[in-house]
Each structure stands twice: as C-alpha cells, then as structure tokens.
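A.B. asks: Listed here are the chains, written in short residue letters.
Number of protein chains: 2
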Amino acid sequence: MLTVSCYMYQKDEGGYEVMKPYGELGKEELLALKEQLSLQYEEAKGKGLQLDMSRGKPSAEQLDMTMPMMDIFNRDFDMRDEQGVDVRNYGYLEGIIGARRLLGDMLGVDPEHIIVFGTASLSVMYDTVSRSVTHGVMGSTPWCKLDKVKFLCPAPGYDRHFAITEHFGIEMITIPMNADGPDMDLVEEYVKDPAVKGIWCVPMYTNPLGITYSEEVCKRMADLNPAAEDFRIYWDNAYCVHHLYEDKQDTLPEILSMCRANGKEDMVLIFASTSKISFAGAGISCIAASLGNLDWVKKSMTIQIISHDKINQFRHVLYFKDLDGIKEHMKKHAAIMRPKFDLVLETLDRELGGLGIGTWTRPLGGYFISFNSMDGCAKAIVEKCKEAGVTMTGAGATYPYKKDPHDSNIRIAPSYPTLEELKITGELFVLCVKLVSVEKLLENK
Amino acid sequence: MLTVSCYMYQKDEGGYEVMKPYGELGKEELLALKEQLSLQYEEAKGKGLQLDMSRGKPSAEQLDMTMPMMDIFNRDFDMRDEQGVDVRNYGYLEGIIGARRLLGDMLGVDPEHIIVFGTASLSVMYDTVSRSVTHGVMGSTPWCKLDKVKFLCPAPGYDRHFAITEHFGIEMITIPMNADGPDMDLVEEYVKDPAVKGIWCVPMYTNPLGITYSEEVCKRMADLNPAAEDFRIYWDNAYCVHHLYEDKQDTLPEILSMCRANGKEDMVLIFASTSKISFAGAGISCIAASLGNLDWVKKSMTIQIISHDKINQFRHVLYFKDLDGIKEHMKKHAAIMRPKFDLVLETLDRELGGLGIGTWTRPLGGYFISFNSMDGCAKAIVEKCKEAGVTMTGAGATYPYKKDPHDSNIRIAPSYPTLEELKITGELFVLCVKLVSVEKLLENK
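Heads up: the protein sequence lines correspond to chains A and B, in order.
The first sequence begins at 2 in the numbering used here and counts up one residue at a time.
The second sequence begins at 2 in the numbering used here and counts up one residue at a time.
In case anyone wonders, no lab produced these hints; they're calculated from the structure.
As the structure is a prediction and not an experimental result, all values here were calculated from the model.
Any given hint could turn out to be false.
When chains are identical, the list treats them as one kind, so a pair holds in a single copy or across two.
Stated by the list, open to error - Straight-line C-alpha distance at most 20 Å; calculated SDA-like pairs for lysine to any residue:
1. Lys46 to Lys424
2. Lys299 to Ala164
3. Lys387 to Leu295
4. Lys249 to Lys328
5. Lys404 to Ile304
6. Lys146 to Gly170
7. Lys146 to Glu172
8. Lys300 to Arg161
9. Lys404 to Ser55
10. Lys146 to Phe169
11. Lys300 to Asn75
12. Lys300 to Gly170
13. Lys48 to Thr419
14. Lys387 to Glu440
15. Lys28 to Asn445
16. Lys446 to Gly377
17. Lys403 to Thr303
18. Lys299 to Gly170
19. Lys146 to Glu167
The following block holds chain A by itself, in its conformation from the complex (with noise of 0.2 Å):
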C-alpha cells in the first residue's frame, strides 16, 4: 500500500490551469474555481445517472466465470464424497471433509481445525458473537451477564462488522490504523480491560484501506496478554486470496499457527468464505480456530441446525479442487478487477494528485481503495455524488458508530460497475471532492 502525497500539476482540458495544491489558492481564486466545478457538476446532474458504486460486490463478469460450476452435477451423478457421504442428506455437522481441506488450505490451517458453514462467514461471525453473549466463551460467563463488553474496531474497518458489536449492546473503541496494521501499542493497553472481550480484524488486503498486517504486528497480535481469557481475536480473512497483481502480493502470516506457538491457540477465531472466490451470495464458508474453539462453537451448532449444504461443499470441492484450483481462478478474478482499480487511481492521481485535498490507497488486492479527503468533507462529497446519481458506501461507515472523527474517510469500491461507469463515477466524483473542498477553503476566508 502506497499513499500519494507527491504534489503535482493538472491540466484541465477547459484550459484552466492549476499550478499549486487547493490550499494555497488565495479566495479569489478559490471563487473563480468554485463557479467552474459548479458548471461542471451541474452538467453532471443533468445527465441521470443511477450507478452504485457502494459495495463490495463482484461483477457479473466475474460471476459469470464460476458458472462452469453449475455443469458439475446432473441428474445422474453419484452425490457421495470421497468418504461415502450422501451430500444429500442430513449429518456431518463440520462439513464434508474435502471443504475441510479446500478451506483449511486456503488459510493454511490443517482440515481437522475447521467448520464448515453455509454461505456467509458474516453469519458463523454473528453468530459467535451472540453465543457469547448468550453462552459466554468456552465456559466463561455469558456477556449478557456482565455490565459492560468492549471490543477493538481498528478503523478505517468494516461497516458489518461495527454493525454486529453495535446489535449487541458492545461498546466499541477505535483503534487507528497504520500502514502496517492497528496500531498495536493501543491494542495492547486496551486488552488490559478485562471487559475488552475482542478486536475486529481484516488482516489482508483489510477493508477499506487495502493494506496487509505485517508480521510485526501479526507476531503482536499473536502475543498478546488480554485480561479477559474470553478474549478472542476476530481475525476475518475476507480477501487472502484476492490479489490484484501477479508480481506484486503481499503476504500474511499463519496467526493461529503463531497464536499456538505461544501457547494461545484458543485467542484467534478465523473466519472465511468463498464469496469472492465462486458466488457472492452462495459460496461456502468457515471457521478455522482450536479444537477448543471448535468444540464451544459446536455446542450450540448442533442445537442450531443439522448440517450445512453440503451439496454446495461437494460442487465448490469438485469445481476448485485444490487451492491451486483456486490460485489459478483468482488470476481470472484479478484480470477483471485489475483495470478497474487501474482506472480509479489513474483518475484520482490525474484529477487530485498534487492539489492537497486527498490522499488514497494503492492496493495489491482485495476489493476497496481508500480515500481521505480533507477532513469535514467526506459527508459532504457522498452527498453530492448521490445528488448526481452516484450512491457511494456512506460516509463515516468505516468507523465504529458510522462516527468518523475526521469526516474524511471514503470507501471506493471499484468492483461492480462496468469500465464505463466506472469512467463515469470516477470523474463525477472527484469532481464533487474538488467541489467541496473549494467549498471547504472558502469557509475560512
């Protein structure tokens, strides 16, 4: 992960010509450039648009290519696994045992160590939570019981999982995040709190900012002395596989490999799932922790349901293989969201580079690039965009509460609409950041 911060020049094809970042334009200036980019928007409001550029969601391009899946079974196929299972039919409650693999090698983590769920890891998530807060952790007491329940949201982070914490009543703390990770220093002070009972964490290509844990901060995490023993790490590896580039990837290590290495096998639960990988509403997913982990996890699971669709297992396990199988399907993943995010940051360096009034992300992978505007203005900008047609993911809902100190955090994220329409929000909206700013500029002056 890169943050611009070179300043450069831009020429606008108007003919007018900005030599020197937003904030150091004297107020006439400022006006003059105020009545252009409102001209400009204006235009833009007139042409309709309805595009949606608010979600991580894959395209219909890249669902498309899974859907040699849907040849693997018919009428006559055999439905029984490697082991003899009948897919079909009730048991097996951690999933068949080739979902097991397909899964565990996907987060390196051996099969016996893993669950596997239905089609949304934000669902196992949930439901840990409300286990614990029902059940406690692993004979602790239930969080229900207790007067306060805390945990860590490094942010910018992911809305759906400030929106679990919020559900149950838990305080959430910010943690800033640095370009390697939270920031562990605070990590560590707060998990001294006995009722800080855990942290959110998107280790890889983490959402919104794209960057990856770095094994200091890994080996922290790892190593952490939580006062609480129900303390867990939520450690959602969403995007592991989910490179942009074939020469530049960053890499993460294996946490609970390193949690047990220090004798805290039991901190870290792993959540994952093929959403991005096969269908976005109708992958697999998992769960990766201790066999005591699992054991707790299973309590409940087996009051909760039968089993799984295993029959989705079998077809995922058939269609991928092996996690070669999966390597090589994320390269064709990659192909079609490599120009997308090409074209964002080419658009944003071209249009804002060197005017001072943002910085963004440069990702190798996952599905969100990051922009920070000048602070106070983010709420500002999403709303102008929405008013030309342009729904963007809301301001402020990559912190905990939807409350970002700063207004400053935008999440982009480039993966659903066309290289058109990309074209098109792109330049919609950095013009509604350079509109706003100048807006912004103008209050002081």
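With chain A's structure known, arrange chain B on it following the hints.
C.D. replies: Okay, now just chain B, sitting in the frame of chain A:
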C-alpha cells in the same frame, strides 16, 4: 390417527401361542415366555446388525427422486429471475419473489408475509429464540434480562425443539397431547403466566405422533389470551404437504389468517422448509408471519447476513414451479414411504396386537410412528435394540429434558432403512418390546 387398542390373538410360527394379553399371564407362563424370547433375542444379537431407525432422514431413494433438479442450471443459464435479480450476487434479504411465492403457496400465506432463509428451518427457529433472548420480541424486554422464561412443550414432541429451549435455559412445561392436538385447557391456563413466552407446535402430522391439530384446537390456539405480549406460537409446519395416502389426508387450517381474524396476527410465527421435499441437507426454508414480526426478524437478519443462497432458491422455483409441482412430487415420496409405514404397522399389528403391552399410532402423513410401551419399559426396549445393533431414537427424547414421565414413548422413524432392513428392525423391535414387557411383568409376580 388411530390408536390400536383392540385385542388380537397371536400365533407364533415357533408354535407358541399366546391366547391372551401378557398382563393376564401367570408367573410360570411369563417365565416360559421369557426363556423363549431370550433365546430369540440372543439369536438376533448374533446376526451382528448395524441399522439405524433413529432419525427422520429421507432414504437415498427419496433423494434420488429430486436429482433432476441438478439438471436445471448449466454454465450458459441466465441466472436472473423473473424480476431480473441476478441470483448469484449479494442482495434481496427476503429471498427472491419466486421462492417467497412457492413457500407461501405451500403454507397458504401471501408471499409478502414470507422471508426465505437457507437450508434449515431449525436454524430459523433457533435464531428466533436467540434473538428474543438478546433483543426481545418486537420491542419487548430481552429475555436475558428476565428472571424466568417458560415455554409450553406439547409432548411427545420434537426433540430438537426442546433442545433449543433447553439450550437457552428456558423452563419447559410439558403439555399432554390429545388425539386432536395439545391439551388446550392447560395451554389456556398456562398462558396466563407472563413468564410463558411461547409454545412449540408441529401442527400437522406432528413429530412423533403423526396426528394433526383439529380445527377446534387451531381455533383455540388462535384465540389465546397470553399475559405476555411477546408470547409467540412457534408453528413448525414441517409436514404440511407430507401425506402418505391420496384418499385419506389430514387438513390443517391456516393459522396466520385465523390469528389475524382475531386481531392477533403478531402471535404466531410459522416455520417450514423443503428438507423433506427436495434435499434434507440442501433445501430452502422460510418463516411466515405478520409484517410486524418480519420487520423484527429483519432488524437482526440484516446484521447477520447479506442474503441467503438465492441460487438454491431459484433452483427450487424452477424445479417445482408451483404448489401443484410440489404436490406431484410429494406423491412420489408417498409411494416410497407408504410401504415402509405399512410394513412397520403390519409388524406391530401382527406381533403385538392384543398383547396389551403397547399402543401405536397410524399416521396419515409425516415421518414417524409413535409407540407407547407399558410404563417403565421404553428405555429398556431401546437399550435392548441397541445391544442387538438397531439404533432407535433415544427413549425420552420426545419429552422436555429427555424425561418421559412414564418411560413409555418410543419414536419409530421408518423412512431411512430399506424395506428389507425395516423388516429386520421391525421384528427385532417387537421382540425387544415383548422381552422387556415380560421382564417388567415378572417384577411384580
């Protein structure tokens, strides 16, 4: 449903002839009988059987029947539903309209009152109880904040229902079952207690009795006046289209509209699935309820999942098409199930009829035959079966806390074994019933 209570004579092919009920035999006769039965039992044990009649699992033959569903999709299939929804992607929390309509028609409920979930209605019920514990019901106090929460449990009933309430520490009150449903006098009495928050019902071809609630029982159910505003009828209509015969079928009134007519439409939550229609482990499930209840469900659901597996929903819609399609399909299930029920009933009639050591139900649908032994014999019978290699549902499993006050009820699940296996298990079962009954009678001689 009929309960066999007539006396019949039995001729044993070994030559021994019982002319009267066991209860009228003298000690000498019983001892002689015991010796003969013990010999037969030892012989049976020597066969090294390994058979399972414990769960309501469809047979491989039944699962084969739905295999044409696997032909529906292929790599070139247009995966957009009638509303243009790409079923492969995220979104549409309530499920696709076709699936809402299909399951709605099956239940006699308008699609707008349906939310479609994943594979298991058990999970939907678990999550509903769990949500009530953590968040309360439509704004009421979360159950985890209450000293005492109670559920009414008509019994014998479905063990997995009781497992859910037990898991959440909810006190279970056993309600005796009559031939037409739960004892409504008792139900009406108990719901005056504000701690009583729900009742578990399998209203049609109930697990394990196979009876269907009468219109009178349904009327009284829909007209309950519970003290608790958050009291809900958990109406698990698992066997709503699961008839065994074409000419003899139970019917069930539609409870949501009955509650609505009484101004109590929020009082009932209906659950169903295709687990025993399409694939036991890979069907689709739903909740049917008032819009108020659905809004309450969605408040948590939208945090828990983005959307359930719409590909599988679409597959079901295209395969079954409509309620007629389901009904035609269920006739094929009946054709497989009927001979199994007949065989078990024939064995029970022939071997135990008139002996006064057991009664059993003759259901017109569903998955179970319910057997009642003499008091204090069920555990021993199941144990004896197990020793000889046949696994039955655990005695007591059909009662809250697995405590059958009479140690009498045994659930017979004839669906999974082949006819040949059923013949063997049936004969072993009646042998064990006889042997244990004789031993019981001898205790008092």
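A.B. asks: Could you place lysine 300 and asparagine 75 in one of the four classes (within, between, both, neither) given a Cα distance threshold of 20 Å?
C.D. replies: Answer is neither; intra-copy 35 Å and inter-copy 38 Å both fail.
A.B. asks: Using 20 Å as the alpha-carbon threshold, which applies to lysine 404 and serine 55: within, between, both, or neither?
C.D. replies: within (17 Å within a copy, 53 Å between copies)
A.B. asks: Using 20 Å as the alpha carbon limit, work out where lysine 146 and glutamate 172 are close: within a copy, between copies, both or neither.
C.D. replies: Answer is both; intra-copy 15 Å and inter-copy 18 Å each pass.
A.B. asks: Since the copies are identical, ignore which copy is meant and state whether lysine 28 and asparagine 445 lie within 20 Å (CA to CA) inside a copy, between copies, both or neither.
C.D. replies: within (9 Å within a copy, 106 Å between copies)
A.B. asks: With identical chains, the pair lysine 249 and lysine 328 could be close in the same copy or across copies; at 20 Å between alpha carbons, which is it: within, between, both, or neither?
C.D. replies: within (15 Å within a copy, 57 Å between copies)
A.B. asks: When no copy is named, should lysine 403 and threonine 303 be tagged within, between, both, or neither for a Cα gap of at most 20 Å?
C.D. replies: Between. Shortest inter-copy distance 16 Å satisfies the 20 Å Cα cut-off; intra-copy 35 Å does not.
A.B. asks: Between copies, within a copy, both or neither: which fits lysine 146 and phenylalanine 169 at Cα up to 20 Å?
C.D. replies: So lysine 146 and phenylalanine 169 pass the 20 Å test inside a copy (13 Å) and across (13 Å) alike.
A.B. asks: Between copies, within a copy, both or neither: which fits lysine 446 and glycine 377 at Cα up to 20 Å?
C.D. replies: within (16 Å within a copy, 91 Å between copies)
A.B. asks: Given identical chains, is lysine 146 near glutamate 167, meaning Cα to Cα at most 20 Å, within a copy, between copies, both, or neither?
C.D. replies: both (17 Å within a copy, 18 Å between copies)
A.B. asks: Treating 20 Å as the Cα threshold, decide for lysine 48 and threonine 419: within, between, both or neither.
C.D. replies: within (17 Å within a copy, 67 Å between copies)
A.B. asks: With identical chains treated as interchangeable, where does the CA-CA distance between lysine 387 and leucine 295 reach 20 Å or less: within a copy, between copies, both, or neither?
C.D. replies: For lysine 387 and leucine 295, the Cα distance exceeds 20 Å both inside one copy (44 Å) and across copies (30 Å).
A.B. asks: Given identical chains, is lysine 146 near glycine 170, meaning Cα to Cα at most 20 Å, within a copy, between copies, both, or neither?
C.D. replies: both (13 Å within a copy, 14 Å between copies)
Violated hints, in rising order: 3, 11; the structure is consistent with all others.
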